[in-house]
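Q: Whenever a hint applies, use it, and build me the whole structure from the sequences.
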Amino acid sequence: MSNNRGYTLSELAAKVGGRVSGDPARVIHSLATLQTAGSGQLSFFANGRYLKQLRESHAEAVLVSDAHETDVQGVAVVVADPYLAFAELTRLFDWRLAVRPGIHPSAQVAEGVQVSDDAEIGPGVVLGERVVVEAGVSIGANSVIGRDSVIGADTRIEANVTLYPGVRVGRRVLIHSGAVLGADGFGFAHDKERWIKICQLGGVVIGDDVEIGANTTIDRGALEDTWIERGVKLDNQIQIAHNVRIGEHTAIAGCTAIAGSTRIGRHCTVAGMSGITGHLEIADGTHITAMSLVSRSITRPGAYSSGTGLEPHQQWKRNVVRFRQLDELARRVRKLEQALEHISIEGQDNDGC
Amino acid sequence: MSNNRGYTLSELAAKVGGRVSGDPARVIHSLATLQTAGSGQLSFFANGRYLKQLRESHAEAVLVSDAHETDVQGVAVVVADPYLAFAELTRLFDWRLAVRPGIHPSAQVAEGVQVSDDAEIGPGVVLGERVVVEAGVSIGANSVIGRDSVIGADTRIEANVTLYPGVRVGRRVLIHSGAVLGADGFGFAHDKERWIKICQLGGVVIGDDVEIGANTTIDRGALEDTWIERGVKLDNQIQIAHNVRIGEHTAIAGCTAIAGSTRIGRHCTVAGMSGITGHLEIADGTHITAMSLVSRSITRPGAYSSGTGLEPHQQWKRNVVRFRQLDELARRVRKLEQALEHISIEGQDNDGC
Amino acid sequence: MSNNRGYTLSELAAKVGGRVSGDPARVIHSLATLQTAGSGQLSFFANGRYLKQLRESHAEAVLVSDAHETDVQGVAVVVADPYLAFAELTRLFDWRLAVRPGIHPSAQVAEGVQVSDDAEIGPGVVLGERVVVEAGVSIGANSVIGRDSVIGADTRIEANVTLYPGVRVGRRVLIHSGAVLGADGFGFAHDKERWIKICQLGGVVIGDDVEIGANTTIDRGALEDTWIERGVKLDNQIQIAHNVRIGEHTAIAGCTAIAGSTRIGRHCTVAGMSGITGHLEIADGTHITAMSLVSRSITRPGAYSSGTGLEPHQQWKRNVVRFRQLDELARRVRKLEQALEHISIEGQDNDGC
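Chains as they are written, first to last, in our numbering: chain H, 361 to 713; chain X, 361 to 713; chain A, 361 to 713.
Worth flagging that the hints you see were computed from the coordinates, not collected in a lab.
There could be a bad hint or two in this list.
[Said to hold, decoys possible] Some but not every residue of chain A turned toward chain H, in silico, with C-beta under 8 Å:
no., residue
1, N520
2, V540
3, H627
4, G662
[Stated by the list, open to error] DSS-like, lysine-lysine: derived pairs with alpha carbons at most 30 Å apart:
no., chain 1, residue 1, chain 2, residue 2
5, A, K552, X, K677
6, H, K695, A, K677
7, X, K557, A, K375
8, H, K677, X, K677
9, A, K677, H, K552
10, H, K552, X, K552
11, A, K375, A, K412
12, X, K695, A, K695
13, H, K375, H, K412
14, H, K677, X, K695
15, A, K557, H, K375
16, X, K412, X, K375
17, X, K677, X, K695
18, X, K552, A, K375
19, X, K557, A, K412
20, A, K412, X, K552
21, A, K695, A, K677
22, H, K677, H, K695
23, H, K695, A, K695
24, X, K412, H, K552
25, X, K677, A, K677
26, H, K412, A, K552
27, H, K677, X, K552
For glycine and all other residues, C-beta sits at the position ideal for the given N, C-alpha and C.
A: If you want it as structure tokens, here you go:
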């Protein structure tokens, strides 16, 4: 699967501003973990807990910081931030092919579409009227791009993605399979007996350098746009409701849902399966732990949580019953405190007699 | 994106049974919020909290109730229920095009299929054997309709939808991209060592006027049908297990999951990310708040919740530890109460000596 | 929809090692529940709670254990495990057709692909370079199989499934519509200001006899493979992150998410909407109840839970406030205990004077 020719350690070190401590001519063909790496493989050491693995690793070479140069059995490639250097080098070994420009004959291209000569349109792709596809774009098999949508340069859309009409995608965006952008926000007015649909007249705007996970859904706005700012990373199966705005460089893990009109700040992280209710404001630099329910705005950066911890089921059942009585329990404790205060005073009286 | 020609205020007022307080000849080209609306735009005022925005709005016209007619800077369109009137008018400004009858040459139509001359079948659509597509239906690009399925009149299926064989869809239904109807329910018998599949022999029935969100899944029944009654509104990424039945006009928000054979009543609302376990009965008019776990039947209408509120992470960690000890804590409080009762009695004795 | 010719009771009994107590020549055309079954229909009795339904059932025949042979109105088919026998017989009545070998003319087959003559490739399917499709495989309409993927014998892939490049699927696997296998794991290194993508260089391996639900996502590994072992059953909308490994015959219900590098043991069950955080080890034979958050490794088999139970919303609101004060409440109880101990001692002194 890997489509690389091999790189010398000096080539790799140059790419990440590193220094080779050993033979710079050795050739690396792939990346691996400390435990599994062997001949021709480069690994990295970024977490002190794995020092034993570092010392025992059979990797041809290891990316390390200055402090651990001498712990490497093979060749050390010394860099300021080994994890970051590793991330940057993964690109060289990726399985994705370079864009192969051209429109597959089975693709369906409607009137008024503009496709750059440098873009790749896969088999079975459907481009609606007036879609614009910029240079370096790749659109995977059987994806459907609704009319009047714009796909910015060097963006990659994987197979079976759906964009509704009027979605604007920035540059260097990566959209995974099964993602749906621009479906109707969930908006209805209640007419006593039944729900009357509020047609969703806004759009979706995706900033540059955004990644959108598999089967993630981002609804179009009711009147204005839903907006994912540049550098945002969204994992799989995330649900973004209408008119949500997510600030730059925020990262959200899988299966999280964000309800309508909520604004998430910049540089936030939201762990998986969290729920954020509608019309909230979440401050820049907020961190939400896994499976939390956020039902109030957060004005102060920091880490927030909700829920309870895991317990053996039988014990949990007893505690859950007590949770239902918690307010009453607190009132009983208050009464005890008052009674005891009373007794203490009386006790003092006793002492006094 | 908007495909409208503009409407005079008198035309719009007539559609919603309203009265124009000002120049009825003014032309509206789009809808907008109070804050952003300007010339040629109609807004609405439906929530007292936004009175300031109403008074400062530059909207050409605003839908208001009688009581707020004089708060409008532009023209007031006075109606009984401004939000409902707004919902009804959104249809005039929707981006969806009228159905363009015909079967795209790239669509694959199996034997015995019946497609109304008034239906639109998009590029790459696959219709299985004996599928029936009634008048006014639109099926989006690359959707797959399993054999023996029926699509009722005026239903709209967006791109990349999947219907398994034998799914019956009512009239005026809207199914969003990525939705999957009729996949196997999750049914297995355990044979000591391994799971034996129970083939799912039932179907799926979708009533009239249902909306189904993007990437929502509705499984086929084990022996009988899974049934979504008319007027039900399902948001994105909802999971409906086999043999669930959802009553008329119930609305369910995104990422909620309903386990097998549960029956949800009519006119219920379920907020996002809630979980409802299997074989339950939920009364008509029940409301479930966000991220709740419903593990018992609900016989009495009303609002129900579970979970805990959000807290700073460090504080939460301490409380979570206490939750694990909650049953024990309650027992200790009981002991204190008993001890105190004892002391009080003794105290009375002391007083008496 | 059912595609069967009818079976005599003696034929059916033979298939499940059962004994017919009555006329073995009667013909069964379909399966049904005790309550709805009638002439020509076979039902089963596997749960003591339904004894009344068994006695009143109009089923032509019922699968029962020895103990309930005389409770059947129609013909009893006596078997060791009626539920298991029922499961096995559902296969005879399934709506799925036998594989119809051949490649649909609208399918797109890249260079180097090997498709068995006994495999069925549906309309609009796209097979990437060097894909291998073994005998008896069926690939549903508009599914996309990335290059260098392998589909084992007798596997069935439904419509609109996406496999990224390099996914290896075992034999007799069933993958439902909308599932995405092999999308990038969610891996980024933080470079002060922005996230640097860690290209995901591993693959996905699916063992034999696995079932994967609709819209479930299984990410490819970062360096090594994500691995679903044989016999695992995954419901709809499950998210499996990179490098997760799930042990043989584990069953996971809908909407559960498992974060990166976690290893789940064999023969576990995870109920719906649970979240399991990353880098954990879950022991064989562990059972997680619905909507639980697992944030620590589990070393001892058994049932585990988290969360709180459902309550009326107003009562819940009061208890949630108290939960935030729970640590403080526990400290107050400790103080009361200490104070009371003190008083008791004093009380003893008093008694002594």
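Q: Checking against the hints above, which ones are violated?
A: 3 and 10
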